[in-house]
Amino acid sequence: MSSDQTLSADVVIVGSGVAGSSIANELARAGISVIVLEAGPRVDRQHFVENFRNLENKPSYQGPFPAVPWARHPPNQQTPNEYLHTSGPNAEAYQQVYLRMMGGTTWHWAGCAWRYLPSDFELKTRYGQGRDWALKYEDLEPFYYQAEVMMGVCGPDPAKEDLGSPRKQPYPMDALPISYAAQQFRSLIQEKTPWRVVHEPQARNTRPYDSRPTCEGHNNCMPICPIGAMYNGSYSVYHAEAAGAKFIPNAVVYKIERDSANKRVTAVQYYDPDKNSHRVTGKYFVIAAHCIETAKLLLVSADDKSPNGVANSSGHVGRNMMDHTGVQVTFISGDKALWPGRGPLETNVIDNFRDGDWRSERGAYLVHMVDDNQVDLATQLAISKGYVGRDLEEQIRYLAAHTVRLFSHNEALPDPENRLTLSKTNKDILGIPHPDVYYKLPEYTVKSCEHTRGVFRQLIGLMHGTDEQWTPGYFPQDHPSGSTIMGTDPTDSVVDGFCRTHDHDNLFIASSSVFSTVGTGNITLTVAALALRVADTLKKELIHA
Amino acid sequence: MRQDRNRQPVADWCVSPNAMRLNRLVRMSRRDALLGGLGFAVAGGLSGAHAQTVQPNASAGADQSGEVASFMAVSQRLTDRDTLDANIGTALYMGIVHANPDRKDKIQTLRALMDSSKAATAADLAHAAEKADPALKDVIHEILTGWYRGVADNKVVVYRSALMFDITKDAVYPKTYATGGPFYWTTKPPEVERPTGHPALSASPFVIEPT
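Quick mapping for you: the protein sequence lines, in order, are chains D and S. If you count the first sequence from 1, position 54 lands on 54 in the UniProt record's numbering, and the numbers rise without skipping. If you count the second sequence from 1, position 42 lands on 42 in the UniProt record's numbering, and the numbers rise without skipping.
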């Protein structure tokens, strides 16, 4: 199929999630022309809310978001999978889910908006593990704050509750008052353990903010906030469009063209759903297509000039795949009623294991007490136990009031052997290969998970818990990262400290794919901060050019 | 090399998971109907491609009303409730029978057992049923899953009206339907005493549905 038109802009962005849309918004507001190419469709919240209500398997976060055939995403976390094909000793631990649609994967996130710790950027120097980033916490601090203002993040007063990431300004909104269940958990931890429970910083409104309402506690942050009290990428899309950025949905980029010297990108090509090809030229290009799709696109674009893929002279595109591998347990507390599920999903965290000298031996982690409505789970459990009638109803009430779910984010390390490649056996309807990922958990992460299991067993004991249901093995937390790793050495990394590819002067990557290590906090705020730093670099170069 | 072939219509992404399943169901039921296989109730109830729930009355033939009446009687006994919603009951019955056509007879068996054993409570009926035929345990699970979870044939028949939310409404809201206003969650919910009842059926493995 041949190109039928040529589009052009100062900056061409691939992907409309938090990273791509926030860059588009910043640039459009500075008077720079922007085209954003989104592989998936334009979507709206109410369809997803209705889909959720009609979904039998309510905990399936992908369930309400069916993919279009030209921009498939993993339909679930099951192995084998219809789209993301994982293999290796820990294939199940890398069965990530994400969304390809306007606004990106933050349609289903819990709004957890952590800054990384300064040590997370210097793991090699401080603990002799993994790598250092090609930037320091201080370089990112102003952009963390900019991202917090953009999203509308609520969080605790650092004077009262220091989360370990130094701040120059307070959080844009006051911390979210935690639920009765979280209050009880917090008191228990404070009284009976050497640890602490902190308010989780969240991109969730504790007052009207950015024309969005205050959180009403629908307990459905994942898979879909029904009222938009939680930030997601679609709001940056709306703001960017209002500022003049052009978003093109159903535009599946499949090729990145470079000049004859292979130093600068000249255009990208995309397919529409009928496989007509379109060409988009620009001065700068940003790939902001999620960790997995970004690496896939660079590899798909291989040609004679770059036989291993674009931006891949190091051979590290698709390598160093990381995640926050999780340990999860659900049990029935023997103490007083908690009634989880009143308020937002994730509000409180044990943060004592985010950093320490032991990081030279095992990975860091954080622990969520998930404030999830457990009525459905309680009903299934009570029926399986054999209760009927009035006894069943009493059991459902008791179990729903006493079920506790804990899960962790355990730190991975960048290992080049953990690698994304193009599938040799599966292609989508446009002829683009599906992604394959080989994954073996680093021993560092395995040790971290073992430590977590010990802590969880202590907590179960403290709460006189019964009916433990451990999620088997290790499960993915959907925080994939590392596939276009950042570093100072062009021979073993893909981008520099400004997220500019070492190989191509005008090609940037805005994604968790640039992470050199993965820390413990949810990745989205760091993705947004890095993206806003890319926008800042582009503004300087384009306006001063 | 395998290539994705299933080119669904562009608008399919925006229909509900139930409607998508029902579309597939309709296609299957037409094929099955040609083979002379499918029951009248289900084929008749799924006339609309975007049907969200099975229409209770459109398909209920004269002989079916007796089946639904039996289902309702058994359901009332198994829930220890005097009243249950008949529209929901009809939809649940059709879903349960569609998933497993033999449930039609099994529910009649439960009804007969209920009468012959003079079971006065849910526990009585459950005891008698499992003793008479261990396979009836699965049928009881399906009936309870229908009323309490609002699910039959792996589809949502009702969400907000599922009984599990009726019995917990003094403490929590069904997800996406909170009406307590900002920060309602900081208040103390009701205490719940440890139940004194016992299981009436043998325990079954508890399998969490994979996500």
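Since the hints were derived computationally from the structure, they do not count as laboratory data. Just so you know, even glycine gets a beta-carbon here, dropped at the ideal spot from N, CA and C. There's no promise every hint is true.
[Said to hold, decoys possible] Listed next, the in silico DSS-like pairs over lysine-lysine satisfying Cα-Cα at most 25 Å (straight line):
no.	chain 1	residue 1	chain 2	residue 2
1	D	Lys336	S	Lys169
2	S	Lys188	D	Lys336
3	D	Lys283	S	Lys137
4	D	Lys255	D	Lys385
5	S	Lys131	D	Lys385
6	D	Lys305	D	Lys136
7	D	Lys168	D	Lys539
8	S	Lys104	S	Lys118
9	S	Lys188	D	Lys192
10	D	Lys136	D	Lys539
11	D	Lys385	S	Lys188
[Said to hold, decoys possible] A few chain D positions that, by computed beta-carbon distances, are all more than 10 Å from chain S:
no.	residue
12	Gln169
13	Gly244
14	Tyr398
[Said to hold, decoys possible] Distance ranges between label pairs, derived from CB positions:
no.	chain 1	residue 1	chain 2	residue 2	range
15	S	Glu209	D	Ser87	23 to 31 Å
16	D	Pro59	S	Arg81	24 to 32 Å
17	D	Glu450	S	Pro205	20 to 28 Å
18	S	Glu209	D	Thr193	42 to 50 Å
19	S	Asp166	D	Gly356	32 to 40 Å
Evaluation of the provided hints:
{"no.": "1", "hint": "D:Lys336 x S:Lys169", "result": "18 Å, holds"}
{"no.": "2", "hint": "S:Lys188 x D:Lys336", "result": "11 Å, holds"}
{"no.": "3", "hint": "D:Lys283 x S:Lys137", "result": "68 Å, violated"}
{"no.": "4", "hint": "D:Lys255 x D:Lys385", "result": "55 Å, violated"}
{"no.": "5", "hint": "S:Lys131 x D:Lys385", "result": "17 Å, holds"}
{"no.": "6", "hint": "D:Lys305 x D:Lys136", "result": "34 Å, violated"}
{"no.": "7", "hint": "D:Lys168 x D:Lys539", "result": "24 Å, holds"}
{"no.": "8", "hint": "S:Lys104 x S:Lys118", "result": "21 Å, holds"}
{"no.": "9", "hint": "S:Lys188 x D:Lys192", "result": "22 Å, holds"}
{"no.": "10", "hint": "D:Lys136 x D:Lys539", "result": "21 Å, holds"}
{"no.": "11", "hint": "D:Lys385 x S:Lys188", "result": "29 Å, violated"}
{"no.": "12", "hint": "Gln169", "result": "24 Å, holds"}
{"no.": "13", "hint": "Gly244", "result": "28 Å, holds"}
{"no.": "14", "hint": "Tyr398", "result": "5 Å, violated"}
{"no.": "15", "hint": "S:Glu209 x D:Ser87: 23 to 31 Å", "result": "24 Å, holds"}
{"no.": "16", "hint": "D:Pro59 x S:Arg81: 24 to 32 Å", "result": "28 Å, holds"}
{"no.": "17", "hint": "D:Glu450 x S:Pro205: 20 to 28 Å", "result": "27 Å, holds"}
{"no.": "18", "hint": "S:Glu209 x D:Thr193: 42 to 50 Å", "result": "33 Å, violated"}
{"no.": "19", "hint": "S:Asp166 x D:Gly356: 32 to 40 Å", "result": "48 Å, violated"}
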